[in-house]
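Q: Chains as they are written, first to last, in this note's numbering: chain A, 1 to 223; chain B, 1 to 236.
It cannot be assumed that every hint is accurate.
[Unchecked claim] Quick partial rundown of chain A residues pointing at chain B, CB under 7 Å, derived from the structure: (1) 118; (2) 120; (3) 123; (4) 126; (5) 127; (6) 129; (7) 132; (8) 141; (9) 142.
Hint data in this document are derived by calculation from the structure and do not stem from the laboratory.
Keep in mind it's a predicted model, so treat the numbers as computed, not measured.
All C-beta atoms in this analysis are idealised placements derived from N, C-alpha and C, irrespective of residue type, glycine included.
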Amino acid sequence: MSAQEVQIVWFTARVAALSTVLILPLGIALAWLLARRDWRGKSVVETVVALPLVLPPVATGLLLLKLLGRRGPLGGFIYQHFGLDIVFTWRGVVVAAAVMSFPLLVRAARIAFQEVNPRLEQIASTLGAGFTRVFFTVTLPLAARGIVAGALLAFSRALGEFGATILVAGNIPGKTQTISLSIYTLVQLGHDVDALRLLSVSVGLAFLVVWGSELFYRRRDRA
Amino acid sequence: MKLRLHNVRLPLAHFVLELDAEFTGQVAAIFGPSGAGKTSILDLIAGLRRAQSAQIELDGRALTDTGHDVFVPTRQRGVGYVPQEGALFPHLSVLHNLQYGAPRHPVGESKSQFGHVVEMLEIGELVNRRPQSLSGGEKQRVALARALLSSPRLLLLDEPLAALDQPLKLKIMPYLQRVRDEFRVPMIYVTHNANEVMALCDEVLVIDQGKQIRQGAPGDLFTASDEPQFVLKNGL
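Just chain A, same shape as in the assembly (with noise of 0.2 Å):
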C-alpha cells in the first residue's frame, strides 16, 4: 500500500473509532430510558433516532449539511462561540458517521436492557445499593454484551459510511477522504486495481471486527 493509502485507512479507522466512542454515552443513555422509562415524547424520540437507518444516507447528508454549515443553526453557534468548523472537516467525517450510527448502537443497547432481569436490580436496592451503584455494578454489566456487539455494529457503520460524509464532509484528500470515499474516487478515475486493494482492506477491517465481536459472544458464553 502506498503512504497515501495507509493515511487514508488509518484516517477511517480513527474518525470510525472515534465517532463511536463519541455516541456511547448518550447512546447508552437514551437506550436505557428507552427500554426502562416510560415518559412523554419517548416514541417521537425513538422515531428521530431511528431515521438515518431509514432515510436516503445523502437525505441526511444534506440535513446535517444545513445545520452544521456555517449559516446553519448549529454550525452558526459553534462557530462563534469556538470557532470551529464542522462542515468539510474531519469533524464532519465524525458527527456524519456518528449521526448514521447510533440509531444501531441504540438499537442493540436497548434490547440488551430489555434482557436484565428487573429483579435482580431491584434485590440490589434492597442490599443499600443506590440507582449509581446499581446500574454500574448490575444492569450495565448484563447488558455489556449487547452495548459491545451494538458498538461493533456501529463502528462497522462508520467504518463504511459513504453518502452522507461526501455531502457533510467532502472528499477532501488527505483531510476528509476516507476508505469509501477513496474507492469512489478511484472507480471514477478508472484505477480499478487502485480501489480494489482499498476494498481489500475494507472487506479485511470489517472481518477482523465481526471475528472479533464473535470470539468476544464466545469468551462472555464460557464464562
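Fit chain B to the supplied structure of chain A, relying on the hints for placement.
A: Coordinates of chain B only, in the frame set by chain A:
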C-alpha cells in the same frame, strides 16, 4: 417485630389487593394460593412497588404513608429480600454476591459476621463458584446468606422452597430454622405450603384474591390431614 400494614390498597391485574394487618411474631407467614397477591405484599413492604394507598410501619417507623407523602426508598428500608428464584447476580461470583450488601463494618466484626453466616448455611465451599454452577438448594442458601449479610431489620422470604423438590425442601428447612433461632431476624415468609408454615412460623395471615381471609397462630388455622400433611381448616 411490629409490622403494620394499614389501609393498603393496590390494584392488580385481576383484583384489588386490600389489606389491614399487623404482625408481631418473629416469623409471620403470608399464606395463600398462587396469584393471591402474596409477592405484591412483599414488594410493597420492600418499597419495590407503590400502593394506591398504604401506611406501612416497621417497629414504629413509617416506611410508606401515602397520606403524608412518605416513601422511604428501598435501599434505606433495611429490608432483606430472598425471592423465589434466588436472583443471584449471574455475573458475580458467590463471594461477590455475598459481599454486595454487606455493610463496611470494621474488618474484624465484618469478618466474624461473614464467617458465621457462611458457616451456618454451609456455603464456604461455594464462594469461588459462579451462580450458574450452583444447584437450586445452594442458590437459595447463598441468596439467604446474601440477604442476612446486609444486616436487615426484617427479612422477606418469597416462597424460597417453591422451586425445590421435596427432598431438597426437607434439607433446606433446617437452615431456615437455624436462621430464625440464631439470628433472631424477624421474617415474613410467603408460601402456599401449610407444612412450611407449621415448621417455621409463629403467626399466619391467609389471603386469597387480594383479600385477607383470616389471621392467627398456625396451630389454630391449620389441621393435620394425611400426616404429615397439614391443610387449612375449613379451606379458603
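Q: So which of those numbered hints doesn't the model satisfy?
A: 1, 7
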